[in-house]
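**Student:** Got chain R sorted already, so can you dock chain S onto it with the hints?
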Amino acid sequence: MSTRASGPSPTAADDEARRRHEALTQLEVTRSLRTHQREWFARLRSEVFDAGRPYAIVGALVPHEILQALDLPFITDVWYSGLVAARKQSGHYSDVLDRCGYHRHLSRYAALTLAVLLDPTHPDKPWGGLPMPSLVCTSIHERSAQVLADLSGAPFIPIEQPVLDRPVPQWWRQSRWQWEDLDGDYRIDALVAQYGDLIAAAERVAGRRLDLDRLREILDRVNAQEECFDEVRTLIATAPKLPARLGEVMGQVMGIQWHRGTAWALDQARAFRDEIRERVEQAQWVCPNERYRLMYVGQGLWQNLDFFTEFEQKHGAVFVRSNYLSIASDGYIRYGTRDPIRALASRYVTMSEQMHIPGLGSEWALHEARSHRVDGGLSIAGWWGIRDINRALEEAGIPVLDFPVDAVDGKTWDQQRLYRLVSDFIEQRVAPAQEARRAAGF
Amino acid sequence: MTQVLERCAGYQRLRAQYADRLGAARAAAAAGHRVIGRIGHTTPLEPILAAGCTPVTLAADLQRATPRADLHIDPELPAETRALCEAALAGDYECLQLLILTRPYDKLYYFLKELHRIGRAPHLPPFTIHDLMHSRREAVRAYNRDRFQALLKRLGREALRPIDHASLTEAIGLTNAVRGLWRRLDAMRRDGRIRGTQAMQVIGAGLVMHPAAYAPALQACVDTLASAPTAQAQAPSAARVVLASSEPLQHLALHDAVECAGGFVVSEDDPWGARAGGDDIAVDADPFEAVLDKLWRDMPSPGVWPPAEREAWLRTEATRPAVDAVVLHVPPSDRLLGWDVPRLSRTLEGAGRAVVTVHHDVHTAEGRTAIVRDLAAFFDRLGKRGSQEIDR
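If you read the sequences in order, they're chains R and S.
Per this note's numbering, the very first residue in the first sequence carries number 30; after that it's consecutive.
Per this note's numbering, the very first residue in the second sequence carries number 437; after that it's consecutive.
The set of hints was computed from the structure by calculation and includes no laboratory data.
Heads up, some of the hints might be wrong.
Not close to chain S: a few residues of chain R, all C-beta gaps over 12 Å, as computed [stated by the list, open to error]: (1) 74; (2) 133; (3) 287.
Some but not every residue of chain R turned toward chain S, in silico, with C-beta under 7 Å [to be verified]: (4) 130; (5) 413; (6) 417.
Here a beta-carbon is modelled for each residue, glycine too, at the ideal position from N, C-alpha and C.
Looking at chain R on its own, in the form it has when it is part of the complex (with noise of 0.2 Å):
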């Protein structure tokens, strides 16, 4: 089976989209990654497509270490749609749900992966396309995998996130060890009592008993990972300048994180905190001019990651902080794995939420914004509780650009508009709020 099995053949466009990418690149763990994704998937093409080993496709916030602890194959529905999304297909497979009655309001984030499988005759497919699962799992809210499920008359497990009814705003100064205080025992309980149905029906399709000694090993291997995660936020956040552009910092998280508790993993987040730390002790700097430093909120520009180092040149702006390294160390590490199910509920409980929720998601940009020593925001709409973020760093003196573009449709993009855009925001309003914020003595 092909990985690109035909299809539209490179314009010239992609060629020198690519050939800019490259040139960018400037980690080495960046190449090592891109040799480990291509290894692991040629496993996964031999042991799953080819000979027809069982696997489950899976949410972002089931927790993976069970299947991992389990040698369950699995694949992240959001993930194989985003590869939808980077070969530029969301256009075809969306018009597939709709050819099969699902409205076009309908969520597409996750529901790519259903339409691969709704359309088994399309030639092109990322991964050649994907043999039908023999288990799902996903949030209950994300309905189109019950409908994946009821298509591959695979068993599918629910999970069901309880409400967080005592919201506590500054919640990363608790959440490594005193989660149980935190996130509620009751809370806790409730997402332990689902772990169970989904061991069940994964141990029914392993074919395996899991291991808890095993799965505590997984744990605490995420756990030192994460920790790598958090000495690179560190640096970053306190180095005079920029070591490393944020899309390749946002690239090796996610590849790191897609591996998570494996050996593999945890070397790989090593290799990449030691190559940070060495560009900080040798004073390699993005932008040696740098001048303004800017964060995302929300959600990150993955469309096209590469935009925004057209302003290091012209204004010395550099992008220094997204979500996803930071919630690696906030939002993943648990310590006490005594027990190790009631850790991973504990981890999952309110997995991504907190980045959302009125309060939670406000004081943590604004922590974030201040130990990166932010000048201002780039906002991408389309994340619930982004307005509440907004407001937050606005009203500490910290301009929001609202960036008016899908984080992934690239047919939403202008690049003069957009050029125009960041520019006119970095002189107008990011320029002078750190002016003022200095002769304020902050």
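**Tutor:** Using the frame of chain R, we list chain S on its own:
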């Protein structure tokens, strides 16, 4: 049939309460009663009544401008969330002793918590959330029981009398009496004795009034309707439809559009309508267990899982002899029902029922016009044209 009901004083009272949904709550609070508001239907009325308090279900006014809420709430979130937040910030709920939100309104809860924390919601009453998980599986049973106990404890702080077996049994008696009348009303709707828009007002008033005050007026309506002619006598060719929408039917706009197109709504899969009551709460069991069981096992919600249980009521209603077709309303705000529509349509059509899906927003003039047009064409294809015959 409508003239008969229009002359009924009970109906006039219920219609007025439906139009002014906070009226009864304000009057009760002004008279010194403790009023507990609920947003969503998965907070049970019975413990509130057992506590000696007056329950009121809050509805969003979707036509209202939301300038305060817009400052904080993202445009991606439902208009209902913004409208409820606006009302809370404007002080509409100040008369409440306690406001209880439910799981489908978790994002509204988070916004209210934050606005309260930063001091921008001075008119908010005390509020909490009752998080009942809607999937029907053993894995969530203990959590739901725990949350129900937490709710009882919280209500206990506002109570004028203990929430115990005696008071809860008495409250169950009150609400079961209303359920019995609602079931009679449902049967009359299937006979075509009352239009959907009228029935929605009669039922909806019961969600904003104390059942002791509501039951006599409802009884009067049901008695009056017993002597009304049936649709078969009046409009034999009207298309009799069951309605399901992805938006809460806390308004009359969709029913009105269906009726304008020539349809006759005999029931709707919505707790503001035909699913307000459901089965009685068991009276031969521990009342606390009975309330929790009813809450979990017989509560309409898009969050119910597995899908067969979520759709069981609709499938049963749609295949009744008194029904010609199913109208599925899946407007642009929909994020859930649309995933069920292809399978649901196949199932219902397989059972011999015609199904139509309408996608427009009924709250805009253009959307309403499009819905009326699409439905009229659908009813024509069914050979049903009754709008001219039904007295509107």
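**Student:** Could you run down the list of hints and mark each one as holding or not?
**Tutor:** Status of the hints after comparison with the structure:
1. 74: 30 Å, holds
2. 133: Not fine: 8 Å to the nearest Cβ puts residue 133 of chain R too close to chain S.
3. 287: 26 Å, holds
4. 130: With Cβ-Cβ at 4 Å, under 7 Å, it holds.
5. 413: 5 Å, holds
6. 417: With a minimum Cβ separation of about 5 Å from chain S (threshold 7 Å), the hint on residue 417 of chain R holds.
Hint 2 from the list above is the single one not met by this structure.
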